[in-house]
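Protein chains: 2
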Amino acid sequence: MAEDVAARLAEVVGAAHLLSGDAVPEDYAHDEELTGEPRRPGYVAKPATAEEVAGLLRVATEHGVPVTARGSGTGLSGAARPRPDGLLVSFERMNAVLEVDTGNHVAVVQPGVTLSELDARTAEAGLQYTVYPGELSASVGGNVGSNAGGMRAVRYGVTRHNVLGLQAVLGTGEIIRTGGRITKISSGYDLTQLIIGSEGTLALVTEVIVRLHPRLAHGATVLAPFTDLDRVLAAVPRIVASGLAPTILEYIDNLTMAAITHTAQLALGVPDEVREASQSYLVVGMENRDADRLHADIEVLGELLGELGAADVYVLDGGSARKLIEAREKAFWTAKAAGADDVIDVVVPRSAMAQFLGAARAAGHRREAGVIGCGHAGDGNVHLAIFCKDPDVRRELLHEIFAEGVELGGAISGEHGIGRAKREHFLELEDPVKIELMRRIKRSFDPVGILNPGVLLT
Amino acid sequence: MAEDVAARLAEVVGAAHLLSGDAVPEDYAHDEELTGEPRRPGYVAKPATAEEVAGLLRVATEHGVPVTARGSGTGLSGAARPRPDGLLVSFERMNAVLEVDTGNHVAVVQPGVTLSELDARTAEAGLQYTVYPGELSASVGGNVGSNAGGMRAVRYGVTRHNVLGLQAVLGTGEIIRTGGRITKISSGYDLTQLIIGSEGTLALVTEVIVRLHPRLAHGATVLAPFTDLDRVLAAVPRIVASGLAPTILEYIDNLTMAAITHTAQLALGVPDEVREASQSYLVVGMENRDADRLHADIEVLGELLGELGAADVYVLDGGSARKLIEAREKAFWTAKAAGADDVIDVVVPRSAMAQFLGAARAAGHRREAGVIGCGHAGDGNVHLAIFCKDPDVRRELLHEIFAEGVELGGAISGEHGIGRAKREHFLELEDPVKIELMRRIKRSFDPVGILNPGVLLT
Ligand SMILES: Cc1cc2nc3c(=O)[nH]c(=O)nc-3n(C[C@H](O)[C@H](O)[C@H](O)COP(=O)(O)OP(=O)(O)OC[C@H]3O[C@@H](n4cnc5c(N)ncnc54)[C@H](O)[C@@H]3O)c2cc1C
Ligand SMILES: Cc1cc2nc3c(=O)[nH]c(=O)nc-3n(C[C@H](O)[C@H](O)[C@H](O)COP(=O)(O)OP(=O)(O)OC[C@H]3O[C@@H](n4cnc5c(N)ncnc54)[C@H](O)[C@@H]3O)c2cc1C
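Line order of the protein sequences matches chains W and F. Using full-length UniProt numbering, the letters of the first sequence correspond one by one to residues 1 to 458. Using full-length UniProt numbering, the letters of the second sequence correspond one by one to residues 1 to 458.
Incorrect hints may have been included.
It does not matter which identical chain is meant; a pair holds if it fits inside one copy or across any two.
What the hints assert, rightly or not - Here are the computed lysine to aspartate or glutamate pairs in the EDC-like style, where the Cα-Cα straight-line distance is at most 20 angstroms:
| id | residue 1 | residue 2 |
| --- | --- | --- |
| 1 | K336 | E276 |
| 2 | K323 | E307 |
| 3 | K46 | D228 |
| 4 | K323 | D341 |
| 5 | K323 | E436 |
| 6 | K46 | D4 |
| 7 | K330 | D119 |
| 8 | K46 | D230 |
| 9 | K46 | D101 |
| 10 | K434 | E51 |
| 11 | K434 | E424 |
| 12 | K434 | D290 |
| 13 | K336 | D101 |
| 14 | K46 | E276 |
Just so you know, the hints here were simulated from the structure itself, not pulled from any lab data.
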């Protein structure tokens with residue numbers, strides 16, 4: 001039976017592009033979720049076209065094989081972790097930038113293209129795809145799957161705001177195209193938006209039209225230490241309201257700052273006494289097409305930060321600015337190396353961040369668990385590393401933190417997704433009416449339920 | 001039976017808020033669609049709460065009564081035109097601004113609030129809801145229904161990009177809340193985005209969280225006549241690429257310009273010889289929080305327009321700028337008064353506008369029909385008034401124009417919606433696989449099919 005399936009799948013993609021059994025490398029058994037056990041899939045197929053993807057789904061339907069899509073496997077929710085009896089569809093061969101269309105400010109790409117490759121290609125045209133999750137080996141298809149965000153979302157929005165159209169294969173094996181090289185459309189339900197963030201449970205994406213923005217020639221990074229965390233969080237809405245439109249607006253707590261600068265061997269020029277008195281930092285990235293305007297804005301920002309209670313304000317030079325941003329991007333690896341037991345990314349209304357963080361830290365404190373982190377403060381998106389070995393206590397702690405976030409009008413995940421890792425919490429905390437509605441919507445795309453079972457809903 | 005239904009509906013909203021039979025004023029029999037015959041609904045109910053809306057839907061389900069939602073009835077697609085046997089749910093009593101939340105830059109509103117009311121309320125806080133369709137008596141619920149756009153969409157996006165959360169009642173009578181006071185979320189399917197643009201066919205919206213932006217203190221409007229239409233359209237992508245980020249980027253053809261300035265009795269200071277040689281105009285709105293930057297940008301824009309072939313460049317003074325924008329907003333009324341037989345708003349990739357317009361005008365020419373207009377050029381959204389009395393010829397002409405738009409990678413409607421007016425064309429031109437998928441999605445929300453039958457899909 002398994003051999004029969006393997007033979008059928010190999011017929012679709014060619015024997016060279018189908019792995020099964022022990023021939024499947026360990027890397028395909030997981031994504032970057034910290035808590036899930038790696039699970040080698042029954043089969044890995046590497047299709048080259050949408051038609052091949054459709055062929056794979058037809059075989060999977062016929063044999064009842066669960067299907068998991070995989071981009072680069074850098075996701076943090078376990079949504080690309082396959083089932084042992086399942087088929088992993090890896091998009092690594094569908095990795096071309098098909099077109100950079102400067103007239104319409106879009107790029108047309110295959111889903112497996114990495115962000116670094118797309119960044120290089122758009123740079124040639126003076127344009128950029130502005131979704132920058134910390135990990136540039138991630139794929140555009142993975143961005144679509146998780147509705148990825150990253151540091152620049154405060155200015156440019158998340159994946160949802162930067163994807164204009166898709167080609168996708170439904171669970172039924174039917175191929176559709178949605179949206180286009182257009183920024184607005186009012187002609188039927190928005191299937192593009194519905195598929196974005198669906199974590200491979202509605203359709204497999206085989207082509208993506210992404211929106212591009214001009215690259216701005218001049219940039220600077222400002223670092224402001226604050227003596228207390230509440231003040232840094234209270235500063236955030238004021239900076240957003242200022243109209244300075246930062247491209248980056250991050251908070252980093254002192255433990256996280258110590259860890260990431262230590263790992264990166266990065267000296268930021270903050271004097272010892274300021275550093276020792278600082279509970280938290282704000283990192284503000286500014287960009288402008290005009291150097292004079294940039295400098296004028298940085299001055300306004302500096303004054304504003306002073307008024308808002310910053311202990312000091314540092315305009316970092318190019319080298320250390322880049323290194324600090326890179327160190328922030330690698331915060332996940334630092335947390336992992338430090339032994340973090342989980343990493344979460346609750347989103348709450350910007351003005352509720354202080355209350356949320358206070359509650360989350362208190363919940364950790366009561367259980368002698370570490371709750372430290374940083375976050376896309378401009379978006380109210382708080383990234384916390386959880387240090388708590390006992391899985392039952394951790395479960396309870398996470399539940400309390402997620403419930404607090406939801407209670408404050410937020411959601412369990414701002415950008416990483418629910419996946420396998422947070423599914424149980426999601427099903428407990430989300431309105432059952434909406435869960436049932438989402439299940440019906442899923443059946444509209446995937447009547448037999450072959451797409452990523454165990455993720456999000458089921 | 002009808003009396004029984006009326007009694008049941010009156011129980012839900014109170015007798016004072018239920019009209020039926022001859023007591024229904026004519027205004028409820030139509031929206032602003034040019035082609036459809038007015039049809040007085042069986043009942044008009046004016047609920048005050050989400051619970052009352054749910055109660056109405058339960059009665060409607062029980063008695064198989066089709067339900068149409070109505071905001072202000074300014075829509076152009078016939079989507080708020082009720083069925084003679086149906087219930088019109090008017091949101092005129094649910095018209096409060098519940099909160100302007102400056103910390104999170106959002107407003108929480110009831111769906112029946114008009115754009116002018118919301119504009120006044122947000123102005124007090126120095127903020128703005130940036131969706132400005134030409135008609136400010138329109139409601140926010142209607143914006144959500146049609147995914148309205150308007151002139152400022154080139155900078156701020158359409159309704160879809162400015163609505164963060166909803167309260168809505170499904171066809172089943174269940175009440176849900178989606179999204180929140182947050183700009184990103186990756187926790188399940190995006191129901192907010194799915195409901196936006198669904199023209200009252202999936203759910204009735206009972207509360208809306210809209211995103212607000214800072215009001216910019218300084219603004220100017222630039223008018224540039226061009227001797228040929230292709231050149232004006234070719235200029236558009238260049239202006240978008242310039243990074244000047246205009247708030248308005250409209251093209252207006254010479255006939256339309258003559259008509260709207262005549263109606264508004266507006267003298268723009270364009271000398272006769274320039275006006276006579278001009279085929280088309282570009283109107284560019286610029287705003288900035290800083291007056292010096294605004295002026296510098298206008299200078300750059302002026303030079304760029306010169307390079308791109310503008311016959312001349314006029315920076316309009318405040319009074320005539322405002323009047324020109326108002327006249328452009330009223331283009332629909334001007335077209336209607338001039339006897340236009342239909343008004344359409346095809347969207348195509350920005351770089352394909354010239355080709356699209358050429359084909360549309362040629363298609364009109366072959367049938368001795370008038371095809372003139374203006375459009376949100378920055379978005380590739382072309383608004384055309386169609387002068388063609390014979391309904392069969394007109395149908396054929398529209399079909400050809402829509403097919404051309406779709407062929408070029410666009411869609412039948414960029415912001416007005418499909419409604420009743422364009423449904424037949426939509427069903428003919430859209431991929432049947434997507435139509436069937438949308439029908440299944442609709443059934444997930446509205447299993448019995450009471451919500452706006454005859455609109456969009458069915
Ligand atoms: C160091 C580090 C930092 C990170 N920082 C951020 C951050 O700041 N912001 C952020 O949002 N994320 C961040 N991430 C998470 C991750 O990079 C993003 O979620 C990214 O979008 C995943 O891309 P991927 O190609 O690795 O996807 P994968 O992990 O392969 O897959 C992610 C999801 O998308 C689905 N999928 C993949 N391809 C397709 C397809 N073609 N069709 C349908 N579904 C598909 C998968 O099934 C899965 O559900 C970080 C990760 C790391 C390791
Ligand atoms: C002069 C003029 C200029 C215009 N210019 C533009 C323009 O530039 N751009 C643009 O996009 N539009 C434009 N329009 C069209 C119109 O103003 C917009 O579509 C507006 O959003 C309609 O709002 P309304 O309250 O009048 O909606 P209605 O006409 O009452 O309804 C529109 C749709 O929304 C649904 N709906 C209404 N309320 C709800 C609710 N609470 N829950 C669920 N569904 C609901 C209705 O069923 C219908 O499908 C213009 C119209 C006119 C008359």
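How the hints compare with the structure:
1. Proximity of K336 and E276 under a CA criterion of 20 angstroms is satisfied in neither setting, with 25 angstroms inside one chain copy and 70 angstroms between copies.
2. Taking CA atoms no more than 20 angstroms apart as the test, K323 paired with E307 passes in neither setting, with 27 angstroms inside one copy and 41 angstroms between copies.
3. In this assembly of identical chains, the alpha carbons of K46 and D228 never lie at most 20 angstroms apart, being 51 angstroms within a copy and 51 angstroms across copies at closest.
4. In the homo-oligomer, the alpha carbons of K323 and D341 never lie at most 20 angstroms apart, since the shortest distance is 26 angstroms inside one protomer and 62 angstroms across protomers.
5. Taking CA atoms no more than 20 angstroms apart as the test, K323 paired with E436 passes in neither setting, with 46 angstroms inside one copy and 51 angstroms between copies.
6. Proximity of K46 and D4 under a CA criterion of 20 angstroms is satisfied intra-copy only: 18 angstroms inside one chain copy versus 62 angstroms between copies.
7. Only within a single protomer do K330 and D119 lie at most 20 angstroms apart by alpha-carbon distance; the minimum there is 18 angstroms, versus 43 angstroms between protomers.
8. In this homomeric assembly, K46 and D230 never come within 20 angstroms of each other (Cα to Cα): the closest approach is 49 angstroms inside a single copy and 45 angstroms across copies.
9. Proximity of K46 and D101 under a CA criterion of 20 angstroms is satisfied in neither setting, with 27 angstroms inside one chain copy and 49 angstroms between copies.
10. Within a single copy, K434 and E51 get their C-alpha atoms only as close as 33 angstroms, which misses the 20 angstroms cut-off; across copies the closest is 17 angstroms, which meets it.
11. For a Cα distance limit of 20 angstroms, the shortest separation of K434 from E424 inside one copy, 15 angstroms, qualifies, whereas the shortest one across copies, 32 angstroms, does not.
12. Neither within a single protomer nor between protomers do K434 and D290 lie at most 20 angstroms apart by alpha-carbon distance, with minima of 47 angstroms and 45 angstroms respectively.
13. In this assembly of identical chains, K336 and D101 lie within 20 angstroms of each other by CA distance neither inside one copy nor across copies; the values are 39 angstroms within and 38 angstroms between.
14. In the homo-oligomer, the alpha carbons of K46 and E276 never lie at most 20 angstroms apart, since the shortest distance is 52 angstroms inside one protomer and 62 angstroms across protomers.
Of the numbered hints given earlier, the model fails hints 1, 2, 3, 4, 5, 8, 9, 12, 13 and 14; all others are met.
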